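Chemist: If you want the building blocks of each chain, they are given just below.
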Amino acid sequence: MRVHTAMTTLALAAVFVAWPAGAQDGDLARGQEVYDRWCASCHGFDGAGEGPAAAYMLPRPRDFTGGLYQIRTTTGGELPTDDDILHVIDEGMPGTTMPGWQDQLSRADRRALVAYLKSFYPGFETFGAPEPVSIGRAGRASEDRLAEGRMFYDSIECWQCHGGLGRGDGSSGPTLEDDWGYPIRAADLTQNWRFSGGGSVEDIYRRILTGMDGTPMPAHADLIDAGFMDEEQLWSVAHYVRSLSPERVPRVREVVRVERREPGEVPSTVHDERWEDVDSFYIPLVAQIIIEPRWFDPSVNTVWVQGIHDGEELALRLSWSDRTRSPDPEWSDFQARVIDVMEPKEGDPVEPGPLPDGITLQFPTNIPDGTERPYFLMGDSRNPVYLWQWRSDQEGVEAATAQGMREIQPLSGRTIDVDAHWEDGLWQVVLRAPFTAEDPRNEVEFEVGRPIPIAFYAWDGDHGEEGTRGSIGSWYFIHLEEETPAAVYVAPLVAGLFTVGLGLFVIARAQRRERLSSEANGHEEVSTTTTA
Amino acid sequence: MRKNLQEPFWQALIVLAISYVLLKWGIPYIPPLIGVSSAPVPQSVLVQFMLTVAVGVLVWVSDNEERWRRFKQPIREALVLPERKRVRVALLVLLPLLVGFVTYDTVRPRVDAPAGIRAVHPAPPTQIDFRGEPVRIEGAENPLREEGRIEEARERGFDIYYQSCMPCHGDYLDGQGHFAHGYSPAPLTLRGGSTIAQLTESYVFWRIAKGGPGLPREGNPWNSAMPAWEDFLTEEDIWAVTLFLYEQAGISPRTWEEH
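Quick note, the sequences are listed as chains A and B, same order.
For the first sequence, my numbering assigns the number 1 to the initial residue and increments by one for each residue that follows.
For the second sequence, my numbering assigns the number 533 to the initial residue and increments by one for each residue that follows.
No wet-lab data here; the hints were simulated from the structure.
Everything numeric in this text was worked out from a predicted model, so none of it was measured.
Here a beta-carbon is modelled for each residue, glycine too, at the ideal position from N, C-alpha and C.
Warning: the hint list may mix true and false statements.
Listed below are the simulated SDA-like cross-link pairs for lysine to any residue, each with C-alpha atoms no more than 20 Å apart in a straight line [said to hold, decoys possible]:
| # | chain 1 | residue 1 | chain 2 | residue 2 |
| --- | --- | --- | --- | --- |
| 1 | B | Lys-617 | A | Asp-333 |
| 2 | B | Lys-604 | A | Asp-27 |
| 3 | A | Lys-345 | A | Thr-81 |
| 4 | B | Lys-556 | B | Leu-545 |
| 5 | B | Lys-604 | A | Leu-504 |
| 6 | B | Lys-617 | B | Ile-607 |
Covered stretches of chain B (in silico footprint by chain A; criterion: 3 or more residues with CB under 8 Å from a CB of chain A, positions within the stretch not fixed) [unchecked claim]:
| # | segment |
| --- | --- |
| 7 | 543–551 |
| 8 | 606–615 |
| 9 | 638–646 |
| 10 | 703–709 |
| 11 | 725–734 |
| 12 | 759–772 |
| 13 | 779–786 |
Chain A residues, not near chain B, derived (Cβ > 10 Å throughout) [claimed, not checked]:
| # | residue |
| --- | --- |
| 14 | Gly-77 |
| 15 | Phe-127 |
| 16 | Asp-380 |
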């Protein structure tokens, strides 16, 4: 009897769980709870993408009320599948302010969120999402395929926005805006770890094929339908685009190795071929959001650093993607629009106008003995810093000392050679200087074999950046390689030889003992052991 | 092969090898598979653990006369038997090379950043100067909570957090904001038991108001990127965002003990 009741209850429960409408309602209520707590700050309680933090972001958070989704497996202009929406919630959108939630929210909560997001746009009810487009297989990236990909990259005019070498410096750049009228930048194709839909060949293929709705990135499926190119050729474009980024996501290494060369072998120009086999260090930069006026949309997000020294002089080559050689009048309108839409507007307002690009290197005035370093934003009153400031609208480098962002004093000291070059969306700047300070009270003396703190700041003038509005990073170190002491080679040799000697001694002793014991035990036994 | 597995010498070697693999790669990589975070074992600790294992193995093989004899057997054979000459020569070449390599690895010049020691929660002052006004820290509770303005404070804190704090401390308060990767030391998570869960609200108020520049010397001054929020926010704003942190992370603040 009891068993019977239990069975009935179970059956009833099963019906309730399976009842679609009931499940849907539960999902929506739970979805709204999760959404209001974790999503509304940016996407707004009404889903229109205008939450309290939205104006601090560019690109702006997505407006869910129009049913436009960038990252889809469905055809351009169509709605995304539930899995597409879940995928973006799980992985986030790299290179934007959208984080991934896979490890933060339970799967049930993320599923409920999908249901709730869809409820912002009635079209999901009326039209629904089509089936995903099948995309075939990527195949292998051979030299031929990359060449073919490059050819189509040119013929379908990817360079219009993404630039000749993919750094997002195309001629259409200044006119780009999203469907809501906000200025938008074409992706820098040399940084696939910042692709908002993912950096794999398959991800890239889908973005080219189906486009990114709401942005200027069009779908290219029509080129295949029209017979202009076939799917294999589109895969080649995807392989080519993938090949523009490093094989792996670059890793941050805290110490930049400055390689030692023979005296007089320190390059002073950007295109010197001696840079080619020098290790390049990845330094990520982020927005200066610490002192007023803050800036939440940094244009420069990475600097690559290489170094060479000869014991007397050192040279650093800095390379970074920058879409423009500021100030570029073509971009003045874009700059004004960025300045206009970015919040907060605090401190002295930035006036749109010609501003240069720039990079500043910061060293402590004295190499610290302990772990204490000057404040990483241009020092403080107790711990001054020494600066090399380069700007695209001035010859040379201006050295300075600083005791805070607003306390910068120009300095005449050691001679610093500089060579700077901008081409295809890439700035490269070489700075070369002697180790010895002219003004040791204010300038750092470079020393081999000691980690020397260094920090980098960058500005993109055509993005409205100057002063405290720019990209910053915290302290890193440069390490000028020492001449390897002889002991480094002698010690392993001695240790190895000692081990050989010890081994020979142990063997000899064991064999002697064996001989003695066998002599004691009589001759026959020896012959059995040795011939066994 | 199976016969070898019954020999104490090979058993000892296998135990040592398995221990090494588990300590070196098992500890950092296995717990994450079930969602528990882990970290590599430092070299010095690894050496200590391996020594302990080796001593244990030695105690076991020498524990009875017969096993000890069998344990030594393969060693003796390798040292004296004429047909094991190849093994002897190989060991005589490989062991010194290994020793040489380890020596080289120890003495070669390294490029390491100086290790930074961080005082996690430096002692708070009794009172701070907030834009010229004294604010008591020691023994103080969140006035908004005391006045029961919790809902109002939560809403205000929500806006402030997501505008100003989220880029570093993250949407989920887990220290994984989109600008967090640019800073070293990394922005702290506000979740779990190690940060704000151990602190009173007035302590958190102090840290928000004064930021990195206001850290006392034992807090390794100037290495923190935390802004001094008194430059941007009012006293009430900071109390509101403090309350919001606890609400959103789902933890309660520590309270001052009654004296």
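Chemist: Compare the structure with each hint and give your call.
Modeler: Quick rundown of the hints versus the structure:
At roughly 82 Å between alpha-carbon atoms, B:Lys-617 and A:Asp-333 are farther apart than 20 Å, so this suggested pair is violated. A C-alpha spacing of about 69 Å is found between B:Lys-604 and A:Asp-27, which places the hinted pair above 20 Å, so the restraint is violated. A distance of roughly 39 Å separates the Cα atoms of A:Lys-345 and A:Thr-81; the hinted pair therefore is violated under the 20 Å criterion. A threshold of 20 Å between alpha carbons decides the hint, and for B:Lys-556 with B:Leu-545 the separation of about 16 Å falls inside it, so the pair holds.
With a C-alpha separation of about 18 Å, the suggested pairing of B:Lys-604 with A:Leu-504 holds against the 20 Å cut-off. A threshold of 20 Å between alpha carbons decides the hint, and for B:Lys-617 with B:Ile-607 the separation of about 13 Å falls inside it, so the pair holds. A count of 0 residues in the segment 543–551 of chain B with a Cβ less than 8 Å from any Cβ of chain A is obtained; the coverage claim is therefore unmet, three being the minimum. Here the segment 606–615 of chain B counts 5 residues with a CB under 8 Å from a CB of chain A, which clears the bar of 3, and the coverage holds.
Counting residues of the segment 638–646 of chain B whose CB falls under 8 Å from any CB of chain A gives 7; the rule of at least 3 is met. For the segment 703–709 of chain B, the stated coverage by chain A holds: 5 residues have a C-beta nearer than 8 Å to a C-beta of that chain, and at least 3 were required. Under a criterion of three residues with beta carbons nearer than 8 Å to beta carbons of chain A, the stated coverage of the segment 725–734 of chain B fails, only 0 such residues being counted. As drawn, the segment 759–772 of chain B meets chain A at 3 residues by the rule of a beta-carbon pair under 8 Å; at three or more, the given contact holds.
Coverage of the segment 779–786 of chain B by chain A is violated in this model, with 1 residues showing a Cβ closer than 8 Å to a Cβ of that chain against a need of three. No Cβ of chain B comes within 10 Å of the Cβ of A:Gly-77; the nearest lies about 29 Å off, and the non-interface call holds. At the 10 Å boundary, the C-beta of A:Phe-127 stays outside the reach of chain B, the nearest C-beta of that chain being 31 Å off. Listed as outside the interface, A:Asp-380 is inconsistent with that label: its C-beta sits roughly 6 Å from the nearest C-beta of chain B, within the 10 Å cut-off.
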